[in-house]
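Each protein sequence line maps, in turn, to chains R and D. Residue 497 in my numbering is what sits at position 497 of the first sequence, and the numbering runs on without skipping anything. Take any residue in the second sequence, note its place counting from 1, add 614, and you have its number in my numbering.
Calculated from the structure, these hints are not laboratory results. Mixed in with the good hints there might be a few duds.
[As the list claims (entries may be wrong)] Cross-link-like lysine to any residue pairs, in silico, SDA-like; alpha carbons within 20 Å at most:
{"id": "1", "chain 1": "D", "residue 1": "K779", "chain 2": "R", "residue 2": "L327"}
{"id": "2", "chain 1": "R", "residue 1": "K408", "chain 2": "D", "residue 2": "A620"}
{"id": "3", "chain 1": "D", "residue 1": "K779", "chain 2": "R", "residue 2": "R320"}
{"id": "4", "chain 1": "R", "residue 1": "K546", "chain 2": "R", "residue 2": "V591"}
{"id": "5", "chain 1": "D", "residue 1": "K779", "chain 2": "R", "residue 2": "R328"}
{"id": "6", "chain 1": "D", "residue 1": "K779", "chain 2": "R", "residue 2": "K193"}
{"id": "7", "chain 1": "R", "residue 1": "K323", "chain 2": "D", "residue 2": "D775"}
{"id": "8", "chain 1": "R", "residue 1": "K357", "chain 2": "R", "residue 2": "Q141"}
{"id": "9", "chain 1": "R", "residue 1": "K323", "chain 2": "D", "residue 2": "K779"}
{"id": "10", "chain 1": "R", "residue 1": "K323", "chain 2": "D", "residue 2": "Q679"}
{"id": "11", "chain 1": "D", "residue 1": "K779", "chain 2": "R", "residue 2": "D324"}
{"id": "12", "chain 1": "R", "residue 1": "K408", "chain 2": "D", "residue 2": "R686"}
{"id": "13", "chain 1": "R", "residue 1": "K193", "chain 2": "R", "residue 2": "D216"}
{"id": "14", "chain 1": "R", "residue 1": "K163", "chain 2": "D", "residue 2": "C664"}
[As the list claims (entries may be wrong)] Reference listing, derived: stretches of chain D covered by chain R, where coverage requires no fewer than 3 residues with Cβ under 8 Å from a Cβ of chain R:
{"id": "15", "stretch": "616–628"}
{"id": "16", "stretch": "645–653"}
{"id": "17", "stretch": "674–680"}
Small disclaimer: the values here were computed from a predicted structure and weren't measured. Positions of the beta carbon are idealized from the N, C-alpha and C atoms, including for glycine.
This is what each chain is made of:
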Amino acid sequence: MTAAPPPPPSPRLVVGIDLGTTNSLAAVRAGKLPHVLRDRDGQPLVPSVVCYHPDGRVLVGREAKALRLELPDRTVFSVKRLVGRSAREVEAEATRLPYRVVAGERGLPRIAIGDARHSPEAVSARILQRVKAIAEEALAQPVQAAVITVPAWFDDAQRQATKDAAALAGIDCLRILNEPTAAALAYGIDGKKDGTVLVYDLGGGTFDVSILRIEDGVFRVLATAGDTHLGGDDFDQLLADRILAALPGAVPATRQSDPFVLQAVRAAAEGLKIRLSSANEAELALDLGPRGTARLTVTRAEFEAAIAPLVQRTLDCVQRAVKDAGLRLPAIDDVVLVGGSTRVPLVRERLRNLVGKAPHTDVDPDLAVALGAAIQADVLAGNDRSLLLLDVIPLSLGIETLGGAVQKLILRNSTIPTSVTEEFSTGVDGQTSVDLSIHQGERELAADCRLLGRFQLRGIPPMPAGLPRIAVTFLVDADGVLRVTAREHRTGVEAGIQVVPTFGLSRDEVRRMMLDSIEHAQTDYVAREAIDLRNKAEAMVRGTRKALALAELPPDQTWAVHKAVKALEALLAGAADTAALKAGCDALTEVTATIADDVISSAVTKALREEERR
Amino acid sequence: MIHVPAPDPFTVFGLPRALDLDERALEQRYLRLSRECHPDRLRATDAGDCIAVLQRAAEINDAWQVLRDPWRRARALLEAERPGVLERNKRLDPGFLASALDLAEAVADARGAATAPLRAQLTAALAADWDRLRGHVLRGELDAAARAVHESHYHTKALHDLDAKS
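If we strip away everything but chain R, and leave its shape as in the complex, we get (with noise of 0.2 Å):
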């Protein structure tokens, strides 16, 4: 018998990460069924929380979390409602917010933290990278590639800043995942749920609701409506406008007021929802020191009928996709709810008498996502053929014509990849350059809908007005983000364009950023390496050890396998690097091996699973 050798590290190891508003987390596959990553601590979730400590420090996770009162403006939470959009978007948003919000270059949002500015993106990254390194503690090996999930409802803008946060945190976005087709993944993964499901994906921020066809490992979207900012969030909302109701005095409910307020009156109001979703009443004393005491009942019904008009929303949502689907909703065969604000009785309720089904409930609604991506990048690791996903872009794209109005060019709901082609010309004799405006929204008017961008067709020869024909094709990937090609046809010119995105980083931005993220990323993961090494190494001795003294060995063998521990010994002791440290390890698990008796090897893997679950 021989001590078990690691298992050798396969060259792509893609992870499936959820980045969620309020937690994330990441999952693998393995054999069939995948399995969420979990941090020493036994936790898979990560609060996607980033506190910028005065001392310099950045915590991330529970330990930002933690943070929240004490560093109430310092301390980051649902970023992910920033990510890919202007600051004057989030404006009303952000006074709700306890740490600032101030528009940057090109009225873009940034995080103020005392002098220094984070883009959104940035502090995504952060959250990123810890699940990342969660990821690679768990796994014992390097991570590069994921799959990232966002909700079906994000646009262009919001994808593309999703992949921007990625880059910068180094990993390599291998593709932009739709939440709720992620979840549907998870949930059909055993093959014995053909037909028809209704994913209705409610988090903390954003709601979802895909329906998928599902059928021989084709998982098919048919449709998806959504709504980026209604989540659990706005429940808490709702609550935390009573609670300040509840303060002595005219507190204004503002964050330049007092940050400190803002953030506590959060946190009561959360512990306030979850325990209404178990309770018909919760009771609150909230003592917020010089500031007063909050003391307020809440019923159940109270909190039912605050929130009715938001759960009304979701389920107009509802009704909109299964209609864009083409079907009607006893179609549906089964509900699989996802995100944590399902959990809440009255959306369960409603849900169930709008769909007249009862809920799925097998999958963890906190994890179904994660492990749906952790599915699909094992597909695109290529290790999986037998499943296929086709998603669909979840709003139309189009682009601005004379008037002001949007000529849409790919409808919403189509499968995407999806590509359409136009030709353009010039108005005037020797125009070298054409500006288009793309838009992406479902109204009439450009106006109305999101600018995505500006681009520039340039480089046109000089030709008399209407003569050239710029072939421009647009094509969304399947991360469901738009590319734009042009070419001339006269000429034959490719085109140039020039993009210049409204929302998010400048390709220029992420590249800088990315340089800087990547490095201190390697070394960081080198740091990590290093420490686990080392606690391998001296549970083998020590393992060793003890087992020497039990086992009756001839004296040659003996003598093998001291020799090989006192030079294991001696490296740890002198300031061994990695290489040398690891080549140790070998030899002694080389001459442990040859040993003809179970108590030596055995011995050695005991240690070393015990130093595993520490």
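Place chain D on chain R using the hints.
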């Protein structure tokens, strides 16, 4: 801005140009082509991201959208057989246009119980349009077939408006 037609969907699917296709077989073909050409299948080889692969997958998805809808399929078939035929046959019979206008008015005025017979009438008109179209295509009368497609549009729209009311 001039729309550049996508490649002929029948060619993309490797099917003969025919008006009547078996829906189930068509769907199976779509899924098989997707399995072969979807960028996810080629991601592991790093080719999944290149424009040509995406373009091929987009063609399959877009062709499927056209072929699965009988009327869009008919338009694609006529354009593929005789490019420009739809554009050249936009002038419709005045008698037909008058009756189409009457139908549109009836739809606008329809309330409650009056919608059901109107719906039945429109559904029957569309079925008749289809039969006429099929006859023209079989006899190679593509100009007449194009006019039948244009006429069906009025019935489709009236039906759509009627559905939107209820």
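Here's how the hints hold up against the structure:
| no. | hint | verdict |
| --- | --- | --- |
| 1 | D:K779 with R:L327 | holds (18 Å) |
| 2 | R:K408 with D:A620 | holds (16 Å) |
| 3 | D:K779 with R:R320 | holds (15 Å) |
| 4 | R:K546 with R:V591 | holds (16 Å) |
| 5 | D:K779 with R:R328 | holds (17 Å) |
| 6 | D:K779 with R:K193 | violated (36 Å) |
| 7 | R:K323 with D:D775 | holds (15 Å) |
| 8 | R:K357 with R:Q141 | violated (44 Å) |
| 9 | R:K323 with D:K779 | holds (15 Å) |
| 10 | R:K323 with D:Q679 | holds (17 Å) |
| 11 | D:K779 with R:D324 | holds (17 Å) |
| 12 | R:K408 with D:R686 | holds (18 Å) |
| 13 | R:K193 with R:D216 | holds (10 Å) |
| 14 | R:K163 with D:C664 | holds (17 Å) |
| 15 | 616–628 | holds (count 4) |
| 16 | 645–653 | holds (count 5) |
| 17 | 674–680 | holds (count 4) |
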